[in-house]
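Q: Residue numbers (our numbering), protein chains in the order written: chain W, 1 to 403; chain Y, 1 to 503.
Where hints are given, some of them may not hold.
The list that follows gives simulated cross-link-like pairs (lysine to any residue, SDA-like), each with its CA atoms no further than 25 Å apart [said to hold, decoys possible]:
id, chain 1, residue 1, chain 2, residue 2
1, Y, Lys3, W, Glu192
2, Y, Lys19, Y, Asn2
3, Y, Lys89, W, Leu343
4, Y, Lys313, W, Glu192
Here are some, though not all, of the chain W residues that point toward chain Y, as calculated from beta-carbon distances under 8 Å [what the hints assert, rightly or not]:
id, residue
5, Ala131
6, Gly132
7, Ile278
8, Phe282
9, Asp286
10, Ser307
11, Leu385
Quick caveat, the hints were computed from the structure, so don't treat them as lab data.
Computed from a prediction, not measured in an experiment: that's the story for all the values here.
Think of the CB as a built atom: it goes at the ideal place given N, C-alpha and C, for glycine as much as any other residue.
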Amino acid sequence: MTLLTFPKLFAKPRSAEVVRPERKLRIGIPRVLNMWSTHRFWTTFFVELGVNRRSVVYSSETSEARQREFGQGRAAVDCCYPVKCMTGHYGELLHGLKKPINVLFSPKITTLPSILQGEVRNTMSCPRVLAGAESTKAGFLREGNAFADAGVIYVDPVVHLDEPKLAARELFEALDPVLEDLTPEEVEAAIEAGFAALEEFDTSLRKQSLNVLRNCAADSRPAVLALGRPYHMDPGIGHGIATELQEAGYPVLWGQYLPLEEDLLDWLYRDLLSAGRIRTPFDISDIWPSSHSSNTNELLWAARYASLMPWIACVIRFSSYECGMDQPTYTPVQETVEALGTLFFAFQDLDATNPAGSVRIRVETIDYYLKRRAQKIIEQKLAALDTPPESFSNLGSIKDAAQ
Amino acid sequence: MNKVLQDSYQTYRPRPFKKDERENVTLLFGGLTWRAERALVGLFEGAGYKAESLPPATRSDLLFGRSLVDVGQCCPTAFTTGNLARTLKDKADKIGPDRVADEYVFVTAGACGACRFGQYHYSYELALRNIGMEAFRLFLVEQHEIDQSKDDDEGFQTDTHLLLGAILSVMMTDVIQDLEYQIRPYEVEFGATDAAIKKAVEDIYDAVRNRPQNKGKLGTILWHLTTDHYAKALRKAKSHFEGIKLDRLRIKPKVKITGEFYVSTVEGDANHSIHAWLEQEGAEVLPAPVAVWFDYLMRFARRKQQDRIGIHKGARKKQLMIELARRLYRGRYHSLCKALGDIPRHLPDQNELARLAQPFYDNRLNGGEGDLLVGKALYAHLHKVAHMVCELSPYGCLPNTMSIGAMAAAQGKYPDLLYAPLEIKGDSEVHVISRCQMVLTEAKARARSEFDAALKAAGLTLEEARARYEAHPEMHDPFWQVPKRGAVGTAANVVLELGGASL
Ligand code: SF4
Ligand code: SF4
């Protein structure tokens, strides 16, 4: 069975066979926040601009040790854990790399590309995600200029990733002083390539998820959905809970990479569509009308997907310590997930301490409930839905069995 | 019904509020200063609604709010949710929950973007459920949709006339509050200012309540731009302050209040009554006008269009329209200042605020107050507006924590800036007050040494300055303009004026 594994996320993309000016710079990018869902875009973008692939470097995954070594004393304010950790990533890029970087690139990604675009009010980042760079930077500027001292140019443009033309303008303005002879056309082309790479990557992960679900359907086995923000895939932020569950034998899917096959969506959402509750399978206005925040919107969307998809028998919800965006979603998400009986477990207030022991106990609890209840849940959800689509060709027998 | 539909979660949807219910239904609202709330009651009544503002939020509302909704709210959410729930419960105890659901609706602003302000209603909904009042109706007024007049049968019509009236109401209460805060610390007769402000707010209430009826969209815009109606009301309100004698030689540090919208504007438990506490401690407080935030929102919207010129069709035109609206808005505000003898401070230059903040907080980042707080703090320091900046930051606030973080770099660059970021949890008064006290002590010392420097520059002793001051009765008048002679403090500028000197 193919499972999603974290290292694949930040693997380098294939390079395209085009001639481009070579730019001998090393770009350091903090592996934080929405970089977890957009890194493919950024790597490809810089490669397209002529930066050697090996010269686009990301900081390591978050860890307590790294935070202590590189981030201590830099935090300018107490806030949610994923943003607080940014100082460690900045510090590592400035002081912890064998080969030093020339540019620390920390985009303030204001809006995100989203599968829900057009169905929701907006696809904004959380205010802390977009201003995290300002607050983190301050910690490196309050006593002198730590960037200049390390011989590093700090570049932190505002980028509207949901508006490619605007993003091209923003990135050209930010990088023009850093990359010699840069032209707006080059940036536009690099952006286009970046989005194509991102889409290709997302599609491949959705395909993998589809295969996981197919296999689950064939064996009538449960899968678990990890519901969180993209950076909960960082083992230092999400505490590797998903990995523990995989080790316990459950395939784990992430809400960010659920399959979008048309017939599958039609099947899952048929009742809601025909009753006029929603206009399209991507419509969440009936469960989350204040749909401004991109990651929150997708969280609610995935929660409903999980509530309907029969083989997702359990959802684990991640929330970081002091996350303000998650707070209003706790009840809507839980009630959405549990509608047809899907199990729901929340890991709230995740922060620095990695409570390996307690994670194990929780995973054992989840395992216990899944062993006892998964089959019933799958049957119950199948019974609530109509006939499964062709793409799940081997599902008929399961449905019959359920009935 | 099939199982999927029957079981799937659906967000709260209030049953409609129809026009024919208006006579029997009271609009509840809250979250502003008592002055603005009183004016808005007048506005709603004038438009044919029954209206009532919620009582001031208290600490027990905070605790009640916390107990009703999911953990981890920012403290304004907990305060306002608890406040609404407590009010409804009190009413239900008297007339029963069914009558409350039929006879009251709650209206609130919402949807300013990705921070929780746009999601308050989830907390309200959960609270309603937890107090067993799901049938109660609450409605959101979206900030960015100015005219929401829907079909004629809609009970609550937020048309242009109502919205412009609301803006003018808030402007009027902003300027009168600014006047009040400039007078009270220096009043010779204790309580005279408080008595005057009560009467003045009633004049504002009357004026808003009795403004002419809707003249259509264009008609109401023109009327609001040209009318003397509001200024006239303020001139009447001004009369209540005339005659209050001031001792402007009291040495007081000027403390500028900034921070998140709710905790910086209200005066009560929600911010540990910090305004009153500062005054008691001998400060002259510069309250945060709501109008600055609206001005900021327009500046932000302008920038948004500016960035898209050449990309989005019509962006240039929109940018110009927004800038025009912004200038008219500022012009209106300043004309209201004039009606009060030009004593209330004018709106700060938004371009300057953005310029000052830009190295520390990008002005294209939105959410909450954006770059405004960094800009205001630096503006107050560099333009000698205040000795100290007191920034009220709600516990758990998303954007505000970030701008406080960004201030670390600003403080590195301007080490002389006296800046007190205070985390408001609602139940940690001692901590907040003692932290504020520490910075205030330094501000007092600065006000004192500035005053001494002013005496020296003016070549006067304290006694001589006092004697000259007594000989100038016009300086005791609340509507005498304190000249700006290079000092921050009022007393220091007065001394410099008396000696014909500058710092
Ligand atoms: S979504 Fe939550 S965890 Fe993420 S940056 Fe915002 S407040 Fe922090
Ligand atoms: S600005 Fe801060 S305090 Fe105000 S609603 Fe948003 S998160 Fe809460």
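Q: Which earlier hints turn out false for this structure, listed by number in ascending order?
A: 1, 2, 3, 7, 8
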